[in-house]
Amino acid sequence: MTDQLTLDLPVNFFFESEDPVPIDEIVSSLLGLQRLASKVPSLVASLCAAESDVDLESLKVSQIKSGSLLEVLVLTLLFSSVADKEKCIKWLNETKMGKYAKLGLGGLLLLLLASEAVTMYDTFSSKVGGGKETPSIQANHNVIISVGAQATGVDEAELKKAVDAALTGDRKKVVRAALDFVRPASGEGRGGLHLGDYASGVQFSHEAATDAPDTPDFRARDKEVVYTDTRLEIRALDRDRSDRGWKGTLPQATGEKRLPI
Numbered sequence: 000m001t002d003q004l005t006l007d008l009p010v011n012f013f014f015e016s017e018d019p020v021p022i023d024e025i026v027s028s029l030l031g032l033q034r035l036a037s038k039v040p041s042l043v044a045s046l047c048a049a050e051s052d053v054d055l056e057s058l059k060v061s062q063i064k065s066g067s068l069l070e071v072l073v074l075t076l077l078f079s080s081v082a083d084k085e086k087c088i089k090w091l092n093e094t095k096m097g098k099y100a101k102l103g104l105g106g107l108l109l110l111l112l113a114s115e116a117v118t119m120y121d122t123f124s125s126k127v128g129g130g131k132e133t134p135s136i137q138a139n140h141n142v143i144i145s146v147g148a149q150a151t152g153v154d155e156a157e158l159k160k161a162v163d164a165a166l167t168g169d170r171k172k173v174v175r176a177a178l179d180f181v182r183p184a185s186g187e188g189r190g191g192l193h194l195g196d197y198a199s200g201v202q203f204s205h206e207a208a209t210d211a212p213d214t215p216d217f218r219a220r221d222k223e224v225v226y227t228d229t230r231l232e233i234r235a236l237d238r239d240r241s242d243r244g245w246k247g248t249l250p251q252a253t254g255e256k257r258l259p260i
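Residues 0 to 260 in numbering that gives the first Met the number 0 are what the sequence shown lists, from first letter to last.
To be clear, the hints were calculated from the coordinates, so they are not data collected in a lab. Yeah, the Cβ is synthetic: ideal placement off N, Cα and C, and Gly gets one too. What you were told as hints is all true, and nothing was included just to trick you.
In silico lysine-lysine, BS3-like type, Cα no more than 25 Å apart, as pairs: (1) K160 with K86; (2) K84 with K159; (3) K160 with K89; (4) K126 with K159.
Distance ranges between label pairs, derived from CB positions: (5) E255 with I63: 56 to 66 Å; (6) D52 with K246: 46 to 56 Å; (7) A164 with P212: 22 to 32 Å; (8) A198 with P134: 19 to 29 Å; (9) T75 with Q137: 29 to 39 Å; (10) G200 with D23: 21 to 31 Å; (11) L231 with S51: 57 to 67 Å; (12) E255 with A164: 33 to 43 Å; (13) K95 with V225: 49 to 59 Å; (14) V225 with E132: 16 to 26 Å; (15) G254 with P212: 31 to 41 Å.
Kindly produce the complete structure, drawing on both the sequences and the hints.
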């Protein structure tokens, strides 16, 4: 009965590299990919309008080739009903994959999730740090979203909304997983992380992977904001306790929150 409810999606990723990729990077990348794979069922259910939940049955490695690293995997989905499985197969057959068909829709969905997670962190980091978004990461994500929209026949805005919804839960873990997954595409002598079993050009680019941090930093960061002509209201006054006896508010900046003076 289980076989009647499962569906295998081939997943191939090609990491360009002048030299063999170290084992620890391969292991970390595969573990990151496994964590990202847990988000694929939700994305598939959304895109094919399944009536019930879709689960991840397994993600298994079929083959790994060194040199330029080639990962050949099989992602197996578990449906709640035969009707939902047939609906998904119908959707897969009707998608406008075109030239992307041989590259694998399963891999494309994983690439979309990874790119969205890294881009989401880049946007977050720029806001809390008072800096700018990373051009290579943002531009590469726009390309991947465009490719995904063409391949699935879904509007770009709708696709991005579905991908973002699939990443609900502990987003910190998802970001770490995505960064681990793309890391073999970064650094000297490396190239992009390509969808398929060759340098297809549908990729998380070398530049984006290199510009992405090794590990995310979710700590709150101080940010200086200059206010001019700001009113200070004294709310507590104790001349004998200079260390904590003076408190006031800045209504224009922090509302009624009392701050030490």
